[in-house]
Each structure stands twice: as structure tokens, then as C-alpha cells.
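Number of protein chains: 2
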Amino acid sequence: MHLKKQREWPQYVVIVGCGRLGSLLAGLLSEVGSSVVIIDVNESAFELLSAEFSGFRIVGDAVEIEVLRAAKTDKADCLLATTEEDNVNLMVAQVARKLFNVPKVLARVFDPRREKVYREFDIETVSPTNLMAQAFVTSIEKKQGDKSCA
Amino acid sequence: MHLKKQREWPQYVVIVGCGRLGSLLAGLLSEVGSSVVIIDVNESAFELLSAEFSGFRIVGDAVEIEVLRAAKTDKADCLLATTEEDNVNLMVAQVARKLFNVPKVLARVFDPRREKVYREFDIETVSPTNLMAQAFVTSIEKKQGDKSCA
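If you read the sequences in order, they're chains A and B.
In this text, residue positions in the first sequence follow the working numbering: the first is 1, and each later residue adds one.
In this text, residue positions in the second sequence follow the working numbering: the first is 151, and each later residue adds one.
Errors might be hidden in some of the hints.
Derived coverage of chain A by chain B (criterion: at least 3 residues anywhere in the stretch with Cβ under 8 angstroms from a Cβ of chain B; other residues may be distant) [what the hints assert, rightly or not]:
#1 17-24
#2 129-135
In silico contact screen, one side only, chain A against chain B (beta carbon under 8 angstroms); selected entries [said to hold, decoys possible]:
#3 Leu28
#4 Glu124
#5 Glu141
These are computed hints drawn from the structure, not numbers from a lab.
Remember, predicted model here, so these are calculated numbers, not experimental data.
Just so you know, even glycine gets a beta-carbon here, dropped at the ideal spot from N, CA and C.
When you get a sec, could you build the whole thing from the sequences and use the hints?
Here it is, written out as C-alpha cells:
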């Protein structure tokens, strides 16, 4: 997976959580020239970062405002909350949006029922459950009917 | 999320794992008339099933061939391995494909590096990490460049 360099990508991105998803995004955005700061509570998580990653790493709990401040979140065009914890993602995303005025805030939400709460706070959410269900369904449908998907 | 009834869906589907993904798929496929059998090691997992679910529940470890046999996997048009464990999904998918000759086998794989192994066994895989990264990237790109995505 690679991003297209000719597209316009955010200049400064803060990523919270350096798991599989966070580390993948950090590498992809570094490759297209974004400045990336990635935050994780565990220093060992940074081992997942690819060779393409050229940004900064911060060890700390992003739920603490000081940690977000150290990441210069007020300068960020975009914050991506990618931890495994819906609660952490919700809290960090709210602080980024309301306190640091980050224009674009995206959060991973495992529990689709919580997506409504996020939207009220002007936070975009991505749900792995819904995405996976959609991918499974698309694949089943193709095989059976051999029709293109709506 | 709903499936279109006028499309052709598999008649008989075995779903392994009744977590958020498995239970969601079970409900969606029941709604469009598929016969669904869902298997989970924990009986309490079936609480996630929606009111739309009209199929059978089997409590058992699908890694055991007898459990797949009890689910009449040999009659299935399709098996979906949706547990949280890549190893379980890989094993169940292989047995379904090779021993029970299920024509369509799909497995969730968290570790994208393992996808190659699955493909060698004629098993389709869906990786939440890649799907999520794609969804995040599409959203960032839209906002910044306001262009449609390739």
C-alpha cells in the first residue's frame, strides 16, 4: 500500500497509538512528505514503525493534555486516534478538536453504537466492524452473482 | 446496514465466531434469506445476535472437525472465519476448503503478513488493518484536496 504523491496530504499529523494501524499510517504519510508525530504509552510499540517513518516519537499517555501539547497538537492539520481503546480515542479526539482546534480529527471506534457520540463532537469515526462486514459481504456477493457492487 | 434482497446470496452459510463481526454478518445474511449456522466456543457470545437472526447456534470449538461436521459444513456454500485469532481462522478455513470442499471460504486476518499463506490454500482474506488504513487515508485526502479517490 502506497499513497499517491501528487495528491494533497496534510502537512502536520499527530497519530495517537502505534499499533498495526497507527504505525502503518505513520509510514504511509511520512512517505508522501507529511510531518508526523506518533504517540504511544509503550516505547516498544515504536518497533512496528517502518523504515519509511521519518517523524517524531513521543512516549506518553495522550489522554494527558501535556502529552498532546508536547506533540504540538495545536499546530496539527489532522489528528488520528488509532488506539485499541474506544474511550481513549474518544477522549483524545475531543480534546484535539475542542481545546487544540485541530481541523480534522478521525477516530477508530470498535463499538458502532458509540459513533453517534463522536459525531456530536464533530469527530469522524471509522468502525472496523462495519468495514469488515462490508468487505465480507462484497466478496460473497461477487462470487455468487458475479455482479458489480453498488 | 442492510443487504439488498434482489441480489443472489449464498443459501447455506457457516460462520465461525460470534463476536461483533460474526454476529453482524449472521443477522444481515438471515435477513436476506440465507440459512446460517453460527459457531462459538462461548455460549454467552450468542447474546450479540440481533433479532433478525433466524439460524442455528452451535457451542463448540470449530478447530475440532466434529464441530464443523455438526454444522453440516459439507453442505455449506460459504464459510466465514471471523474469530479474533488468526490461527483459528487459518485452521478452520483450511479444513473447510480441503476437507469439506466449501466453495467459498473467507477469513479475517489481523496480521497482513499471513495473507500469503491463506492465498496458497485458496482462502480469501480480509485484513482489518489494511481496510482501516485505507478508510483513514481516503478521509484525510478528501478533506485536504477535495478530490474523488482513485
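Structure versus earlier hints - violations, ascending order: The structure conflicts with no hint, since it agrees with every one listed earlier.
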